[in-house]
Amino acid sequence: MGGKDRAALTEPMYYVLMSFLHQEMCGIEITEFVERKTDGRVRLGPGTLYTLLGKFQEEKLIEETQTEGRKRTYRLTEKGREAFLEELERLRACLLDGEEEL
Amino acid sequence: MRQTKICITPFSAFDIPALTDWLSQMTAKGFRFSMTTGPFTIFEKSTPERMQIHLEPIRGAVKDDEELNALYEEAGWIYWGMFRNNFYVFACPNLQAQAHTDPETLDYALKRFLKQKTAAGIVLLFCNILLLGLYHKGFPLRFEGYLDTYPPVEMLLEHGVLVWILSALGLFCIDIAYLLGLYRLMRYRKEQKNNHIRRSRKGIGWLTALGALILLPVIINTAQIFFGLDYRPYDLESSGFVTLSDIEGEDFPISERDFYSMDYISHGGTLLSAEYWYFQQYGAFGQNKNPNDVPRLEISVRRYPLEALALLRMEEHLHGSNTYLPVQTATQMEPSVGECYYAAKEGWVAKNGQVHLPGGTFLLRKGNTVLVADYYGEQDFSHYAEQLLKMMEHL
Chain R
1 MGGKDRAALT EPMYYVLMSF LHQEMCGIEI TEFVERKTDG RVRLGPGTLY TLLGKFQEEK
61 LIEETQTEGR KRTYRLTEKG REAFLEELER LRACLLDGEE EL
Chain G
1 MRQTKICITP FSAFDIPALT DWLSQMTAKG FRFSMTTGPF TIFEKSTPER MQIHLEPIRG
61 AVKDDEELNA LYEEAGWIYW GMFRNNFYVF ACPNLQAQAH TDPETLDYAL KRFLKQKTAA
121 GIVLLFCNIL LLGLYHKGFP LRFEGYLDTY PPVEMLLEHG VLVWILSALG LFCIDIAYLL
181 GLYRLMRYRK EQKNNHIRRS RKGIGWLTAL GALILLPVII NTAQIFFGLD YRPYDLESSG
241 FVTLSDIEGE DFPISERDFY SMDYISHGGT LLSAEYWYFQ QYGAFGQNKN PNDVPRLEIS
301 VRRYPLEALA LLRMEEHLHG SNTYLPVQTA TQMEPSVGEC YYAAKEGWVA KNGQVHLPGG
361 TFLLRKGNTV LVADYYGEQD FSHYAEQLLK MMEHL
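Taken in sequence, the protein lines are chains R and G. By our numbering, the letter at position 34 of the first sequence is numbered 34, and the numbering carries on one by one without gaps. By our numbering, the letter at position 154 of the second sequence is numbered 154, and the numbering carries on one by one without gaps.
Keep in mind that a hint or two might mislead.
Straight-line C-alpha distance at most 20 Å; calculated DMTMM-like pairs for lysine to aspartate or glutamate [what the hints assert, rightly or not]:
#: 1; chain 1: R; residue 1: 71; chain 2: G; residue 2: 104
#: 2; chain 1: R; residue 1: 55; chain 2: G; residue 2: 104
#: 3; chain 1: R; residue 1: 55; chain 2: R; residue 2: 29
#: 4; chain 1: R; residue 1: 55; chain 2: G; residue 2: 298
#: 5; chain 1: G; residue 1: 63; chain 2: R; residue 2: 29
#: 6; chain 1: G; residue 1: 111; chain 2: R; residue 2: 59
#: 7; chain 1: R; residue 1: 55; chain 2: G; residue 2: 44
#: 8; chain 1: R; residue 1: 71; chain 2: G; residue 2: 73
Please keep in mind that the hints were generated in silico from the structure rather than gathered at the bench. Since we're looking at a predicted model, the values are computed, not measured.
Just need the whole structure built from these sequences, with the hints factored in.
This is how it looks when you write it as structure tokens:
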């Protein structure tokens, strides 16, 4: 794990990062993606999404690519991809641990 | 029927749960949040309805955030405006709607907001230092033991004690309200984590309003100083002031030094200091001679914001070192309108041979204006009451 240890991501954080894996996204598209991906299990309140976009930008996990009217589009940075993959590894390890114990 | 309602915000501007409840209750009563100005919140008359209110802490620059509004609107919320420079206000008719669905993210938002407001608190601290520094000459303890020299009214208005006291008091209220607000925000963050929000009591907002009200005259006073409105001198000619030449005669030689022979009336004052007029003239005195050896006239006038202060100032003068006697003026004044006193001074020679000229001091009050005119010289100054009264009328 490079750099300082990152705290585990919450589900909304994880899915927001995931939404950027294949394409650039704007806020509303992220909400739709998360809802579709989780069959409505994970809901993103507008306050949560707004805060997360700000937080990820500050941590340089995503970056803004363009602003069009009220729509701002972001993409995942290399650091963001690493953060997502680290979380994925952690979740895989958790899953394996659980299955072993069954 | 009035279309707007202005209320003093009763809660701290950082108290999210209390403000949310309050705005929601006002909406239910038919008053929709419109905007804030200083310690006031302005509501617009609307149809009473039950709405869920959410306050989203402002991140970074204080301006409408189009992206944020779009996100909220998409989720069924309506943007109502900004609450001070702290929050965006959103309302939603769906009482079950959730603006924040991840407690950890909400905690991050609150932590960030707390940091922002703590930094703003440092700016507030700097403002405290700046304002109290500007008026440091009025620090009351500087006058400890000098009350005989500086009586209360003079001390309060002419030496800047009043403006210092108001600054300190106003800032104290605002600082305390700010600190309590920060504490409330910290507590809310903790309660949010424990999922147990306690209700707040009203009061912190009123403390802010009280502080702002006390500081308002100080701010006006400071603006007057910064814009140079505190000093407005004008020419002696056509001022109507009694001069040394009037008393000693046209041929009397007046000092040519600027300091000892003013050809202007020093005039000024601010909201929290008495408006003043000052003028002095000395007779010509030679090189290495004492200016006190020649006839001289000094006139000082103060106009107090309240007549009661002028009356108090008169009392202070009358109990001073001069022995004043009432003077009957031709323009008879009711005691409620004005008073006129004169104290004659005899000349004397000091042990070292220095001659102290005789003279007299007039003490006049007309309404809220007090005049003290000191004359040293051989002429009879006692019959100048009418002229001095007339002079006061032109001020």
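Hint check:
Straight-line distance between C-alpha atoms of residue 71 of chain R and residue 104 of chain G comes to about 26 Å, which puts the hinted pair past the 20 Å bound. Our distance criterion of 20 Å between C-alpha atoms is met by residue 55 of chain R and residue 104 of chain G, whose separation comes to about 12 Å. This hinted pair checks out: residue 55 of chain R and residue 29 of chain R have alpha carbons roughly 18 Å apart, not beyond 20 Å. Restraint check: the Cα-Cα separation between residue 55 of chain R and residue 298 of chain G comes to about 70 Å, which exceeds 20 Å; the hinted pair is violated.
A distance of roughly 24 Å separates the Cα atoms of residue 63 of chain G and residue 29 of chain R; the hinted pair therefore is violated under the 20 Å criterion. The suggested pairing of residue 111 of chain G with residue 59 of chain R holds, with an alpha-carbon distance near 15 Å, which does not exceed 20 Å. Restraint check for residue 55 of chain R and residue 44 of chain G: the C-alpha separation of about 35 Å exceeds 20 Å, so the hint is violated. Distance check on the hinted pair: residue 71 of chain R and residue 73 of chain G sit about 13 Å apart at the alpha-carbon level, within 20 Å; holds.
Comparing the model with each earlier hint shows violations of hints 1, 4, 5, 7; every other hint is respected.
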